[in-house]
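Chains L and E are the protein sequences, given in the same order.
Residues in the first sequence are numbered consecutively from 1, following my numbering.
Residues in the second sequence are numbered consecutively from 1001, following my numbering.
Worth flagging that the hints you see were computed from the coordinates, not collected in a lab.
Hints may be right or wrong, so weigh each one.
Stated by the list, open to error - Cβ-Cβ distance ranges computed for the label pairs, FRET-style: (1) L:12 / E:1107: 47 to 55 Å; (2) L:17 / E:1211: 42 to 50 Å; (3) L:67 / E:1087: 41 to 49 Å; (4) E:1245 / L:17: 15 to 23 Å; (5) L:12 / E:1105: 48 to 56 Å; (6) L:67 / E:1659: 29 to 37 Å; (7) E:1465 / L:67: 41 to 49 Å; (8) L:12 / E:1245: 23 to 31 Å; (9) E:1277 / L:17: 14 to 22 Å; (10) E:1107 / L:17: 21 to 29 Å.
Glycine residues also receive a C-beta, built at the ideal position from the N, C-alpha and C atoms.
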Amino acid sequence: MIALRINGETKAVDAPGDVPLLWALRDLLGLTGTKFGCGVALCGACTVHLDGEPVRSCQLRIGAIGDRAITTVEGIGATAAGAKVQKAWLDLEVVQCGYCQSGQIMSAAALVAATPDPDDSDINAAMSGNICRCGTYVRIREAIKLAAKSA
Amino acid sequence: MLEATQTETGFGRRAFLRIGAAAAGALLIGFPLRPAKAEAGIFAPDAFIRIAASGDITLIMPQVEMGQGIYTAISMILAEEFDAAFDRITLEAAPPNTKLYANPLFGIQATGGSTSVRAWWTSLRKAGAGARALLIAAAAQIWEVEPTTCRTENSEVLHDPSGRRLAYGALVGQAAGMTPPKDPPLKAVADFRLIGKPLKRLDTPDKVNGKAKFGIDALRPGVKFATLALCPVFGGKVGRVDDGLAKAVPGVRQIVVLDDLVAVVGDHMWAAMQGLAALDIVWDEGANASVSSTQVWAQIRAASEKEGAVAKSIGDPAKITGSGETIEAAYELPFLAHATMEPLNCTVHLTADTCEIWVGSQILARAQAIAAKVTGLPLDKVVVHNHLIGGGFGRRLEVDYVETAVRIAQKVDGAVKVVWSREEDVQHDIYRPVYRDRMTANLADGKIVGWKHRVTGSSIMARWLPPAFQKGIDPDGVDGAVDIPYEIPNLRVEFVREEPPAVPTGFWRGVGPNNNVFAIESFIDEIAHKTGKDPVAFRRDMLVKSPRLSAAIELAASKAGWGGALPARVGRGLCAQVSFGSFVATVAEVEVDNDGEVRVKRLVSAVDTGIIVNPDTTIAQLQGGLIFGVTAALYGEITIENGRVQQSNFNDYRMLRIDQTPMIEVHLIKSGEAPGGIGETGTTAAPPSIANAIFAATGVRLRRLPIDRDVLAGRKSA
């Protein structure tokens, strides 16, 4: 059994320590908001926060997490930056199919939390690891700026 | 609230009624135009609307939501004519039922081809209007007044002369047994309250908090997780499998070996993936082991020398390549994978006499049918729960991934979720075909008097919808070519069907027009430059009878600053198209550096798509479609060597990312014409506008996609 702190709750996972967090979340804990896209950290769909830092959960073994706090898209709305990002996403209707958006929102929330007034190059640096096949990038950029400006 | 994924969607009509009955306190009637029947208080004036006595309204969605906003658009169309309170509706995905829910443009239950609004515009307005008329009639009976003295608003019938009003829910009992009118009057465009407004999408709130359920998110009790390997060579079979190491992987439960694939079943995907990696599989590669892109291109080029089936002929054949100056060019497009962000997946629970499926499909009835075929079960024993789709783009118009999942499930006790790795997804796609377009124009006095366009490529329709392939002509393959908007007196369009060896081909966002618009708009641009004309003016002169496209061109050119000065190695290019019933002009502005790298700086589209249901969604579809097209132009190519796809993941099958995304402007043109399709137009528009802009920037004409950086850097010739 491995204990993980996820969205403020401690969860026990009955799996070997080499299992990536992505699959523990999705298949063993039923937290399916975090998405599988490529399996090799090329697309960002599986992004979660570890102590507030964005990480690719497909590359993060559950045995290596310890007591660090995991935040997923299901819990990000409880953070100030996450709530602002989610609201901006809906205000500007960023989402199309929505599959990549969990990861986009996690990357964006980390950016907004760390960088109060992100410019285009901050956004490029923080968001280039997240692929959106529907092509919502124009609105993602606008929504990050909106979220950062909102109280 | 969105309940599309929680509904029983596999039972067809009988269960549809049963579901109605199961919902407490409601009444339901049949479709179409049959007397209303009371069933536990649900009132369903047609197959698309259900009203509970509580007043809750459920709209049945015949089309599937894959990001295009169709749930919202269809709800707006229905609610507009029904006068329903838009903020109190619930959505439900339609079950597989061709009779009730076939796409009127296809005759089968399918979502694709930018057809949804066009196909359902009239019938759903009538469905809403009929339901509304019925409730008015019911209220009029209760009040003993003339129906014409009543009106509706916000899910209520009102009788202004007496000040009385009744909520739709309160009319459920009275409406039972009444027959909807045959031809209910439709609202005038000027009276629309919802249509034309940028209403918020109904599917998006759950997509920002992790609650939305895609097929890959289905989690059945006790479900096992599987991933698979198909023979890397198309059409190959399993030779020998050594599973000793795989069985030792913690969490691996079962190895399934079928004639053409191997799957590993485990307690979670990681176990299945590790197990698959630990397998020693020897494949029987079969007949295709030597197929290569070189061979594919040699075959299609040879085939393009042959005369094709004539898809369109106008004027005098002798003048097509007559006495004037003749210009020729050939354009080529590569294989492309869909790379939906949600990898292919399907959950199946098979018992002795039922098959239950959880999936995201653009073609639900076929998903059900293939499961019935594989299992031998009758259709009504196959229940399919459709889900939100994490990217379709045509990939989920196929049911190969449902078929393989059902075949694996035949070997597994209990529910099994089969998820493809990204590598399998890329290497066993059903690809956008390679195309070669040979173009010939005959000029007189600087004008095009003769035009020949020979399309050579796969016929997707011949496989996917065989009755549509007639006399050697694939209507999708020549879509955009036979209806070329330019006024050319002598014209011939031919189609040569040439199936590539081994590689399966299917629909891809933009479908037929992708190829034809690229060839036509590149060629028109070449001719304009050859004759010394401005590309905008050159097109304008051939569009005298096409005011809608002309207006789009003028608007896009003006917004993009067409003709204005640009720095060295920066250029603008135009694409004008009439496709999917929409009139779209796009100007790309690109910069080409000395190393041949292309940066798309700006895309400006002007769009006349007729009456717009939701302008914000229309803009979003253009933005996204353009980016999809930029990816294809800059990066998109699947190549074949030794019978197998050489690309595998996003490292070698690249996608545009946010840092490369251009500024995009979309300008909507107000129109009272019938709605056009929009989801694919941007994808079609981006590549030719970019290629034309590259020519303007560098003088180099690229006739193949993706762009060749070596050519642009002068390291090799085009």
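Structure-based check of each hint:
no.	hint	in the structure
1	L:12 / E:1107: 47 to 55 Å	53 Å, holds
2	L:17 / E:1211: 42 to 50 Å	29 Å, violated
3	L:67 / E:1087: 41 to 49 Å	44 Å, holds
4	E:1245 / L:17: 15 to 23 Å	20 Å, holds
5	L:12 / E:1105: 48 to 56 Å	52 Å, holds
6	L:67 / E:1659: 29 to 37 Å	35 Å, holds
7	E:1465 / L:67: 41 to 49 Å	57 Å, violated
8	L:12 / E:1245: 23 to 31 Å	29 Å, holds
9	E:1277 / L:17: 14 to 22 Å	18 Å, holds
10	E:1107 / L:17: 21 to 29 Å	54 Å, violated
Of the numbered hints listed earlier, those contradicted by the structure are 2, 7 and 10.
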